[in-house]
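The listed protein sequences derive, respectively, from chains B and Y.
What the first sequence shows, in numbering that gives the first Met the number 0, is residues 0 to 247, in sequence order.
What the second sequence shows, in numbering that gives the first Met the number 0, is residues 0 to 378, in sequence order.
Hints in this document: simulated from the structure, not taken from any laboratory.
One should not assume that every hint holds.
[To be verified] Think about it this way: if two alpha-carbon atoms lie no more than 27 Å apart in a straight line, the pair counts; the simulated DSS-like pairs of lysine-lysine are:
#, chain 1, residue 1, chain 2, residue 2
1, Y, Lys369, B, Lys85
2, B, Lys85, Y, Lys285
3, B, Lys94, Y, Lys369
4, Y, Lys14, Y, Lys68
5, B, Lys133, Y, Lys241
6, Y, Lys366, B, Lys85
7, Y, Lys369, B, Lys34
8, Y, Lys6, B, Lys132
9, B, Lys94, Y, Lys105
10, Y, Lys68, Y, Lys285
11, B, Lys94, Y, Lys203
12, Y, Lys105, B, Lys133
13, B, Lys191, Y, Lys152
14, Y, Lys366, B, Lys94
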Amino acid sequence: MAENNNNGNSNGLAVHVREVSKTFGAGETRIQALKGVDFDARKGEMLMVVGPSGCGKTTLLSVIAGTLQFDGGEIDVFGTPLHGLKQREITEFRKRTVGFIFQQFNLIPTISLLENVSVPLLINGVRRSVAEKKSRDLLEQLGLGGRENDLPLLLSGGQQQRVAIARALVHDPKLVICDEPTSALDKDTGAKIMESLRAVARHPERCVIVVTHDNRVFKYADRMTEMEDGRVHKVHETYGHYQQNEGT
Amino acid sequence: MYRLALKMLLGDRAKYIMLVGGLTFASLLMTQQCAVFFGLLSWTTSHMRNMRASIWVVDPKVEQINEIKPMRDTDVNRVRSVTGVEFAVPLYTGVIQARIADGSFKPVEMIGLDATTLVGRPPRILSGRLEDLRRPNTVMIDELAVQRLSLSKDHPLRIGDTFEINDREARVIGICRTDRHFFGYPYVYTSYDQALQFAPRTRKMLSIVLAEPAPGWTATQTARQIEKETQLKAYTEDEFEKSTIRWFFLNTGIPASFGTTILLGFIVGMAVSGQTFYSFVLENLKHLGALKAMGASNGLLARMLLLQAFTVGMIGYGLGVGLTVLFGLAVLKKGQPPFLMPYQLPLFTLVVILIICAFAALLGIRKIYKLEPAVVFRG
């Protein structure tokens, strides 16, 4: 896999997206979800991607994470150019570089919290005993010590999302991708989760990208990218800037 | 990851039980029905095992042991005169009515042995001396005949007791053990000359000539020589067995009916396990998609699915074959239905179950290979 020696762009960029396009379907059902998107995310920041439904937020997240192939343009993630990578190399990239937090948590219900958190390490070939020790420590840090052997369904939504955060971080990924992480949670729990994610982002070699509709959590963003109709519409350097522009 | 794959499988109790149940049923149906079929096939040649000889000379039109066309008495001497024949003896076999003390009639399979050599003797003598058959009006009967020809269970037929065959007294001089006759008749052994007295008189009475090859000759060489010189049909033991089984395959519905049941077991196993496993994969698609997004390769996920499929397959196979063995142990004591389980049969079922599991896993693997990891972002 091609990777720059400086482990990212010299200007501190974690993700660099240029002229990326993505189309679904063909003929009359053809939908262009991304129309030449330009987008940057910096190291050590939590960037939120916001916009109305169908504007291409999730598609953008998917192509940055390497879970969806794009049609044209260039994407560079921590020095790895995704354009031109083979499928096997993209899988390898996801395995080592990306941590995922999903809207519905996606924890496997029939295995324990400890085993759920260990999954990314096991996929990376780490020995089970080592993986479980690291997972146990992380669950402890997130306030779930002593519940390692519980099944996910015994936990509240907020606790499950904390397990999902532990799973996303256990293999020390540089890029953490969050898809609507608070939409299934109440206000207070959502706020706690966002605090945790912001703490995660405070790492010089990490970037957290959050796609969300939930305007209750916009204030936690370091920067905000607003999308509309498959394009980046505006980039707000602060939440205040976003508020001014939105007139709220 | 393989350990987690097994926990995912075992965690879904309903699907797990249904998968194991379906495969157990398929394995049981295929193994048990095959064993009964093989048992039935072995019954078709049991008549041969109850007489035993290297070469069987019969009328040219005879294709199987249970259907004998009588020959002339002089055919024995014609066979004896063939080069390569060490010795040849006459044998009578036919179904005759026996009358027991209460006046009821029971059909028996009578075997008339050459009195000098007693070739064609029963496989195992339990009591009495076979040589006593040389005395007049004597018979040796098998255990089934003891049951059938006795007046009651409290008074089983013993050595020295008598019954009637064709209005002639038959005195029991021994009890033997035989393989069960295909049509369920008990065996009554006597001497060839005595059998001709017991049996209703017909123009031809010789059923079979039993022969042995001379030193330096194989049974096959001698059989071909007999055919060449006498124009009779001569089978080696192996040839007669195969011809008998072939006859049953071509002239009866037994293979078709058992084949249908065995095929049904295969189809039910394939359908139930394939459908259940596929629905298990569909229900876990969200989680498998998440694993794929996290960097699990298609190969790793395929191996996990194969492990899950083969695990339920091996458990179902073990239970199915185990139940078949229990069935076999139960029926072998009673003697019916027929049951024969050669070691190749469980191996055959194992291969079929593995094919079913591979098919079930492939359905899931196909789905996994087509699955885009981005599906996990679609809620």
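> Are the Cα positions of lysine 366 of chain Y and lysine 85 of chain B separated by 27 Å at most?
Replying inline: 21 Å, holds
>> Just to be careful, I want the Cα atoms of lysine 94 of chain B and lysine 105 of chain Y compared with a cutoff of 27 Å; is the pair within it?
In response: Since the Cα atoms of lysine 94 of chain B and lysine 105 of chain Y sit roughly 80 Å apart, the hinted pair is violated (cutoff 27 Å).
> Do the alpha carbons of lysine 191 of chain B and lysine 152 of chain Y lie within 27 Å of each other, as the hint requires?
Replying inline: 86 Å, violated
>> Check whether the Cα positions of lysine 369 of chain Y and lysine 85 of chain B lie no farther apart than 27 Å.
In response: 16 Å, holds
> When you check the alpha-carbon spacing of lysine 366 of chain Y and lysine 94 of chain B, does it fall within 27 Å?
Replying inline: 21 Å, holds
> Between lysine 68 of chain Y and lysine 285 of chain Y, is the straight-line Cα distance small enough, at 27 Å or below?
Replying inline: 72 Å, violated
> Are the Cα positions of lysine 94 of chain B and lysine 369 of chain Y separated by 27 Å at most?
Replying inline: 19 Å, holds
> Has the given pair, lysine 94 of chain B with lysine 203 of chain Y, been kept, meaning a C-alpha gap of at most 27 Å?
Replying inline: Violated. Lysine 94 of chain B to lysine 203 of chain Y sits at ~88 Å, over the 27 Å cutoff.
>> Given the hinted pair lysine 6 of chain Y and lysine 132 of chain B, is their Cα-Cα distance within 27 Å?
In response: Judged against 27 Å, a Cα distance of about 20 Å means the pair holds.
> If you draw a straight line from the CA of lysine 369 of chain Y to the CA of lysine 34 of chain B, is it 27 Å or shorter?
Replying inline: With a Cα-Cα distance of about 26 Å, the restraint between lysine 369 of chain Y and lysine 34 of chain B holds, given a limit of 27 Å.
>> Against the 27 Å threshold, does the CA-CA distance of lysine 85 of chain B and lysine 285 of chain Y hold or violate the hint?
In response: Roughly 24 Å separates the two Cα atoms, so the pair holds.
> Taking 27 Å as the top limit, are the C-alpha atoms of lysine 133 of chain B and lysine 241 of chain Y close enough?
Replying inline: Violated. Lysine 133 of chain B to lysine 241 of chain Y sits at ~68 Å, over the 27 Å cutoff.
Hint violations for this structure: numbers 4, 5, 9, 10, 11, 12 and 13, all remaining hints satisfied.
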